[in-house]
Every structure is written in structure tokens, then in C-alpha cells.
Amino acid sequence: MTAPSSTLAVVIAHRRKRARRHHAIIATLLTLVAVTFGVTLSIGQSITPPSDVLRVLLGEPVPGASFTVGQLRLPRAVLSILAGLCFGLGGVAFQVMLRNPLASPDTIGITSGAGAAAVFAIVVLSMTGPMVSVIAVVAGLGVALLVYALSFRNGVAGTRLILVGIGVSAMLQSVIAYILQSAPAWNLQEAMRWLTGSVNGAQLGQALPLLLALIFFGGLLLVRGRDLETLRLGDDTAAALGTRVSNTRMLVIVAAVGLIASATAASGPIAFVAFLSGPIAGRIVRNDGSVLIPSALTGAVLVLAADYVGQHLLPSRYPVGVVTGALGAPYLLYLIVRINRIGGS
Amino acid sequence: MTDHLLVASGLTAGYDKTEILHALDLTIPPRKITVIVGANACGKSTFLRTLSRLIAPSKGQVLLDGKSIHRTPSRDLARTLGLLPQSPIAPEGITVVDLVSRGRHPHQSLFSGWTRRDDEAVDSALRATKTFDLADRPIDELSGGQRQRVWIAMALAQQTDILLLDEPTTFLDINHQIEVLDLLTDLNSARRTTVVMVLHDLNLAARYADHLVAIAGGRVHISGTPEEVLTEETVRHVFGLDSRVISDPTSGRPIMLPIGRHRMAVIDDMGDAPQKERSA
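Protein sequences, first through last, are from chains A and B.
Note that the first sequence covers residues 1 to 345 in UniProt numbering.
Note that the second sequence covers residues 1 to 280 in UniProt numbering.
These aren't lab readings, by the way, just hints derived from the structure by calculation.
This one's a predicted model, so the numbers in the text were calculated from it and none came from an experiment.
From the three backbone atoms N, C-alpha and C, an ideal C-beta is built for every residue, glycine too.
Just to be clear, a hint being listed does not mean it is correct.
Far from chain B, some chain A residues (derived; all Cβ distances over 12 angstroms) [what the hints assert, rightly or not]: (1) Leu8; (2) Thr128; (3) Leu222.
Chain B stretches covered by chain A per the calculated footprint, using a threshold of three residues with CB under 8 angstroms from any CB of chain A [stated by the list, open to error]: (4) 2 to 13; (5) 52 to 66; (6) 190 to 204; (7) 221 to 231; (8) 240 to 254.
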């Protein structure tokens, strides 16, 4: 092999630098997930030594710790991670596809659609288990199609879709509130789950369907990640680069809605995680590689950390969605102000 | 390298229910620079978009080497037929080298990683467009002319034998317009890339085209060498404008001087008043 010319060497160095930075970011985020996971498992109302936590994770019976760690903290942390991954990945897929940070599934009504369907299935139809997830996914897709159809006029403009989505979302929120109001003897904690999202009373059994959804829909997204990435350059350029634009868009919608709706069915619509993860990960990654996996990991850290704050660091206990909502709302305002200033697109 | 033949045959296309192109026939000569001109709304942009499969024709077809491009897998097509659209979007903060690398998309698949060939294509595209020194600069910081060169570099990294460009000089100062057109001419002679572009400026079109195509009313009005196409008759038919066409002292190509309703009294340097010319 001949030695590369000096300019070629520079091009290769640039690419390697970007790849190294991307790997370092993913490694750091993974560490952050692991650390938060570890803290969540060992430090709560009582402190469990890491050695006991490890023994519980390995399946050994440890008096006391088997219950607090194995029954209470572990299912909660596992569900938090899975829901966070799903929200983070599904949210950023929408934002990249529509080239707009406001276009996340929780602002355009997909989360509320899945939530409304799940509440309806549980409260009115007294259903449980994976069927609820299936119904939530179908409803999420239905809402996505409805919003898409309502905002269609010679193609779909991002801003119109967002405005229509906000309207649809408000309507579905009131449906959720109505069902919870009229449900007999509905307990407040369950209600909170469907209004703001919560991982209270999580069970490991809930994790399996979510894990399967993550593997299936997440895998689908990652496989088409490079095509999705070309959509950032505009639909025409993406097509010129050989991306099948409508096909990619359809697939991304189905996969992202699948992720968001499955997570919503398990934990409720944890406010703003889908909305925040992409932009946070985007700030970190810049353009040094795909933002999909970093955004998923950011989602996991957000849910884990916000739930920990809500449980242990505030004067009284709050569900995770209250904490993420407090983080997300100011950012939403900031984005709207900024878009107003630069004239929108 | 084979000569790829791009042919529009009976092309009828438009938006919604408005038909803009009416059974348009045109063969793009390989290894040449073809420039498409015409008045606003004559269909020249629609034609380029149909030629590059952004619009599906309602009748007729675009054939690349005898095969309909709308039936060719899009990734395969993107290795032969490149396109620089009129307003591509640069992601916020993206650097030049990163954007140019995106041109390698159709050459990669899920399982093939980035190879030496990809690096070489990016390197050579950066050097050909003289954007190498800008490699690690964010696009947002560049001037309009530099930015356009970067987009062309991205299309070059795609290494297609045919390159279509939709008004590549719009919004550029005249010096940058010339810079971009000179660059495309260099590419055509160095890489023998077939270039097809829509241009607004008739004189620049005649200066840079090997093959000039004038479109009017969704059909090809006339095509051929710039001398055959850029005539007072063509300008009158295509633009509804009276003009004089003379020979450009620099390039020897035809150059069009529009005749308006005012400033007629000024005698031009050829010694006779345009007024007389008109009545002749």
C-alpha cells in the first residue's frame, strides 16, 4: 500500500478524530447510565453496600437487601432505563426526520394518544399486560397518521404539523383526564402515572415486552439510521444521495411510534424525555457521528436521575414525570422564543 | 468508463393536477456541458427535477442507458446520476469535510464500513473544488461562493458520471458565479463528467454550454450549439423580448443584449442606432 498523500492523511485524520469522539461520547454516557443505575440500587431510604447489591443482582438471597434492592429498586431502575432508551431514541428520530427540535412525539400528540388508549384499555376495558401495549402502539400510530393527514397540504410542513399536533395532544389529554375522573375508585398514584408518567410500583414483568419493543423497533431505526441522517440535508439532497425518502420516513414513523407508545404503555407519558434527549445529545455529539444512540442513552440517564431526584432529593415524593416536566417546560419556552426570533421555518 | 446516455422520452409531468411538461423529448450528450434555459415557469426546473427522479412523470420516461430511472434501485442510480438541488440544507454547525463525506452515502451499505476509497473520494473532491483549506470550518461561517463550492464537492464525492445542478449560481455575486461555472467546466474536462444545469443568465449559459437547450411552454423550443440556439429569434420566442445578439469579444460565443423601451437614442459602438435595427 502506498503512503497516503498529505491531504488524504488529513482527511483520514479528521474522520478518525470524529469517530473517536463519537465512541468516547457513547462510552461516557454508558458509564453515566451504569453509575446512576448503581446509585439508584444502593442508596435510597436506606443504604445498601455495593457488595450486597451485586449479590442480589447475581441472584443470591441477602436478608433485607433481597427485598429492597431486588423487589423495589431493581424493577424500578430497569423500567426507567428501558423507558428512557425508548423515549430518547423515538424522540430524536422524529426531530431528525422533521428537522425540527419541536417535533418530538410528546409535543405532537403521539404520547398522549398512546396514553389515552392505554388508560381506556386499563380502566374501561379492565385489560392488563402486553395487550395494553399493543393497543397503545396502534393508537399512537393512529394519532401519528391523523396528525400527518390533518397537516397535509401539498406536502407536510414541519410547523403546520407541530401546531396540529399540539391541538390533537390537548384534546387527548382531556380524554385521559375524563376517563380517570369517571373511573370508579381509581387510585391517585395510578392516575398520576397516566397524567405525568411514573415508574412507581414497577415490576420486572413489565420490562420484558418493553425490551422486546426496544430490540425490534430500535433495531429497525438503527439499521436505517444512515438513511435517516441524510434527511437532515433536505428531502431533495437525500433522494439525490440514493435514500428512498418516503419509504424511510414511513419506516421511521412506525419505528419511533412503536418505541414511544410501548414505553408510554409501561410507564405513562414521562413528560418531555423524548423532547429533551435529542437536543441534549445533539449538543454533545455536534456532527461527530449519529445522534441516535447517544440520545437513547441520554434518555435513560434522564429518567433514572429524575426518578431518583423525585424519590429522594425533594421534600416529598414526586413521580418522575413531574421532575422531567420541570426540566422540559423551560426548554420548550426557550425553543419557542428562539424560533420566533429567527423567524421560524 | 462507459458513456452513460440520459434520455427524456415523451416526458409529461407536473405538480398536483397542473401539467407543466408536455411530451418533452431530449437526449443529453455524454461528456458535455448541457445548459437548460427558459423563462420563469416554462418548466425548466420541473424538467431537471424529473430528470433526477425527484418528480415522477405522469407519462413518458427518463431513460439511463435504456433503463427507466424510476425503476432503477435508488442507491444504484445515485452512483451514476448526481444532483445538486437548488436549496440544500446544511445541518447546524456541520464542518466542510463532514458534509462532503455525506456524498459517499450511496457507496456504503449497512455492513461495509468506511473504506480507503471513500477517503480518497472525499480528498479528491475537496482538492478539485479548492475547499481543502476549509475542511474543518463549519459551513455556516463560509461565504456564499465557498458554500456552493462545498456543496459541489459533496456531489463530486458521490463520483457520478452525470451531475445535474439546479441553478447553481443563484444568489451568488458575479465573481462567484464565474468561479462556480469555471469549476464545473474544469470538472467536465478533467473528469469528463456529463454536466446538466439550469441557468438563469442567458449569456453565461451561452458562454459555458457545449449544448444549449431552450425550453418554452413545457417543450424543447430549440437545442444545439450556443450559436444555433442563442439567436434574436429564440429570445423573442422564449422570453418575448426584442434583443440583439452579437459575438462576445472574449469568448467568441453569442451574447444577448436586451432592447427595452428606453435609452434608445444612445448610439452603440457599432455605429448604428438600435431603433433602425428594429425596423429593419
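Verification of the supplied hints:
The claim that Leu8 of chain A is not at the interface with chain B is violated, since a C-beta of that chain comes within 12 angstroms of its own (minimum 4 angstroms). For Thr128 of chain A, the condition that its CB be more than 12 angstroms from all CB atoms of chain B holds, with the nearest at approximately 38 angstroms. Listed as outside the interface, Leu222 of chain A is inconsistent with that label: its C-beta sits roughly 10 angstroms from the nearest C-beta of chain B, within the 12 angstroms cut-off. Under a criterion of three residues with beta carbons nearer than 8 angstroms to beta carbons of chain A, the stated coverage of the segment 2 to 13 of chain B fails, only 0 such residues being counted.
Given as covered by chain A, the segment 52 to 66 of chain B passes the check, having 3 residues with a CB less than 8 angstroms from a CB of that chain where 3 are the minimum. With a threshold of 8 angstroms between beta carbons, the proposed coverage of the segment 190 to 204 of chain B by chain A is violated, since 0 of its residues qualify and at least three are required. For the segment 221 to 231 of chain B, the stated coverage by chain A is not satisfied: 0 residues place a CB nearer than 8 angstroms to a CB of that chain, which falls below the threshold of 3. Only residues whose C-beta sits within less than 8 angstroms of a C-beta in chain A count toward coverage, and the segment 240 to 254 of chain B has 0 of them, not enough to reach three; the restraint is violated.
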